[in-house]
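Read top to bottom, the protein sequences are chains A and B.
If you read the first sequence in the numbering used here, its first letter stands for residue 14, the second for the next number, and so on.
If you read the second sequence in the numbering used here, its first letter stands for residue 2, the second for the next number, and so on.
A few of these clues could be false.
[Unchecked claim] Calculated lysine to any residue pairs in the SDA-like style (CA-CA distance at most 20 Å, straight line):
| id | chain 1 | residue 1 | chain 2 | residue 2 |
| --- | --- | --- | --- | --- |
| 1 | A | K64 | B | K57 |
| 2 | B | K57 | B | F92 |
| 3 | A | K80 | B | F92 |
| 4 | A | K56 | B | K57 |
| 5 | A | K80 | B | D90 |
In short, the hints are calculated from the structure, not lab data.
Residue-level listing of the chains:
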Amino acid sequence: MLALGLEGSANKLGVGVVREDGTILSNVRHTFVTPPGTGFLPKETAEHHRKYVVQLVQQAIREASIKPDELDCICYTKGPGMGGPLRVCAVVARMLAQMWKKPLVGVNHCVAHIEMGRVVTGASDPVVLYVSGGNTQVISYSQDRYRIFGETIDIAVGNCLDRFARIVMLSNDPSPGFNIEQAAKKGSQFVELPYVVKGMDVSFAGILSNIEDIAKEKLEKEECTVEDLCFSLQETVFAMLVETTERAMAHCGNTEVLAVGGVGCNKRLHEMLSIMAEERGGRAFTTDDRYCIDNGAMIAYTGLLMFRNGHVTPLSEATCTQRFRTDEVLVNWRGSEPKEPAPKQAVWAPQLPES
Amino acid sequence: MSNVGVDMLPENMQHRCSLSVDYPDKEFAEMVSQALAVDEELHQDKVARQVSSDGKTLIAQFAACDARMLRVSVNSFFEALALATRTLDAF
Chain A
14 MLALGLEGSA
24 NKLGVGVVRE
34 DGTILSNVRH
44 TFVTPPGTGF
54 LPKETAEHHR
64 KYVVQLVQQA
74 IREASIKPDE
84 LDCICYTKGP
94 GMGGPLRVCA
104 VVARMLAQMW
114 KKPLVGVNHC
124 VAHIEMGRVV
134 TGASDPVVLY
144 VSGGNTQVIS
154 YSQDRYRIFG
164 ETIDIAVGNC
174 LDRFARIVML
184 SNDPSPGFNI
194 EQAAKKGSQF
204 VELPYVVKGM
214 DVSFAGILSN
224 IEDIAKEKLE
234 KEECTVEDLC
244 FSLQETVFAM
254 LVETTERAMA
264 HCGNTEVLAV
274 GGVGCNKRLH
284 EMLSIMAEER
294 GGRAFTTDDR
304 YCIDNGAMIA
314 YTGLLMFRNG
324 HVTPLSEATC
334 TQRFRTDEVL
344 VNWRGSEPKE
354 PAPKQAVWAP
364 QLPES
Chain B
2 MSNVGVDMLP
12 ENMQHRCSLS
22 VDYPDKEFAE
32 MVSQALAVDE
42 ELHQDKVARQ
52 VSSDGKTLIA
62 QFAACDARML
72 RVSVNSFFEA
82 LALATRTLDA
92 F
């Protein structure tokens, strides 16, 4: 079976073609990169997507060497994300579905990240740390849902990093996060920042405004460098994420962790997660930037999983939505999977009657 | 002519606009109209929109409480319309 997926919930526009076993036939992407000091706004991002979406679909079909006839369904990101950019992909998906007479499948962006991460890494039932420019969630699967164990109470971790990059005028090419990661390697001095973990939740807005003040003050007096701030910011926010992720793993009796989303391809975050997971006798999984960063293949793959399990979106209901929580989706494709060696403290184990 | 009359738009929205676009084929007009009818207006209390097709013609009717809302709605409709039509042309 084959599916085509369209993703455009933020500044990345992606189109992919995949097979049901996760084989990727094509996965093309075009990113809207803004000048240093600026971010991407919904209207301009939608304009970018409108400009490139048709040629990207053509390219994905060409690279996959398939004919539209061979596709089984057309998948698109239903949400969450920016309304304008989401609608661009939805309109194109609705047109393609009608022109090629294929069923439509609206996919939750967060679930798509998780499923892509699982199929690429082979991690069967990991605790998932989903970190990107728009989302920050610690997730674990239980009883047909991806349950959110912890999340940000204000801005996403990637948003915090992106906006810091703007403050210190780092380039947005290829992405602000990548440039922070490179600069952080040269940092030598740790500047103390607020560490904001509230139970299982995290907060980044205060850290951002604090580091903004520090940047103004200390950079001018040359008390620290931009590299030092990049290093300190990464260490602080990643430590917060690793702490809440570890607590979720302890709660679920799980030793595997999977990092997905744009920030998930940060090598330092992966290193910190690996140390934590290894101390718990497990391991950390992550994928490279082809799959971690928003892409069309993850929408196609997840849409196909959903399609095979009875999810179809009628044309009249093929809307998109800015808010779409991870746990709203009925995950009915994991039930038949062989259970991994049962965790020692199986929190969700069914209580069988004794007789 | 059209199966959806202007009279179905709310009476309190006095700013009106109606446009029709011809396609080479009846099927094309239907596909575009169905693809664009799905998205609801963000401010349904201020703008109403009806999209339909009549033969080879796509018909869009707008009613809004002020000229600005009407312009915003018609503009974003045109953007989606152009995108849908370009998709149609490309494949």
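Each hint tested on the structure:
1. K64(A) <-> K57(B): violated, 26 Å
2. K57(B) <-> F92(B): holds, 19 Å
3. K80(A) <-> F92(B): With Cα atoms ~11 Å apart, K80(A) and F92(B) stay inside 20 Å; holds.
4. K56(A) <-> K57(B): Status violated; Cα separation ~31 Å.
5. K80(A) <-> D90(B): Given pair K80(A), D90(B) holds - Cα atoms ~17 Å apart, limit 20 Å.
In the structure shown, a violation is registered for the earlier hints numbered 1 and 4, in ascending order.
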